[in-house]
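Student: Construct the complete structure from the given sequences, taking the supplied hints into account.
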Amino acid sequence: MTASRGFLRRAALTVTAGAAALVLTACGGDADDRHDMGSTASESGSPQAGSSGGAEAGGHNKADVGFAEEMIQHHRQAVDMAELAAGRAASQQVKDLATKIKGAQDPEIETMSGWLTAWGEKVPEDMAGMGHDMASGMPGMMSAEDMAALEKASGAAFDEKFLTLMVEHHEGAVEMAETEKAEGRYGPAIDLAEDVITAQTAEIEQMEKMLDEG
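If you count by mature numbering (1 follows the signal peptide of the UniProt record, and there is no 0), then the sequence shown holds residues -26 to -1, 1 to 188, one letter each, in order.
Be careful, since some hints might not be right.
To be verified - When the alpha-carbon atoms are kept at most 30 Å apart in a straight line, the in silico DSSO-like pairs for lysine-lysine are as follows:
1. K36 <-> K96
2. K74 <-> K96
3. K126 <-> K76
4. K155 <-> K96
5. K36 <-> K126
6. K74 <-> K183
Source of the hints: derived by calculation from the structure; they are not laboratory data.
Tutor: Spelled out as structure tokens, the structure:
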């Protein structure tokens, strides 16, 4: 009887140990599975986090490239128009405004040219002397005929033509900047677009007032 009870006790201990081992294995498997699932989730989330971080860090898209390319040409024409004022305008207000426009847009041309170079894109050629007709499809761009007429004008006639054409030119720039705000991705380009909208909208109001008073 004693031997029989000893045998049964050993058998029971063996079964208990085996069950415990199975439980530990199952728990360990769950932990491993959870670890693997966590790693997979983290890895699958990494590219998304990287993409978001890239956007915040200044990733650009086609809209940004187009904005820089076109606004460079647009600004160049405004600078060409502004440079005519010194020797042709009658009004000191027009001369001062032209100086302000050139002073604001020359540095912006340099900034946008730097972006294109950094992105591996070509900076547009300066179309001075070509009448800017190659870029006449952009909003507000003057035709070769418009530029020729402005160059021939002087005095009060120049002032009126300059202000009239520059209002149209600025309105085109604001339209382009609004498009960049809606479609662009590169933070500094969007900031520049906002600056263009603010500054040139104010100048449009100023020029329209000058035309009314003239």
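Student: Against this structure, judge whether each hint is valid.
Tutor: To see whether the hints hold, each was checked on the structure:
no., hint, verdict
1, K36 <-> K96, "holds (13 Å)"
2, K74 <-> K96, "holds (28 Å)"
3, K126 <-> K76, "holds (20 Å)"
4, K155 <-> K96, "holds (22 Å)"
5, K36 <-> K126, "violated (39 Å)"
6, K74 <-> K183, "holds (17 Å)"
Of the hints listed earlier, the one the structure fails to meet is number 5.
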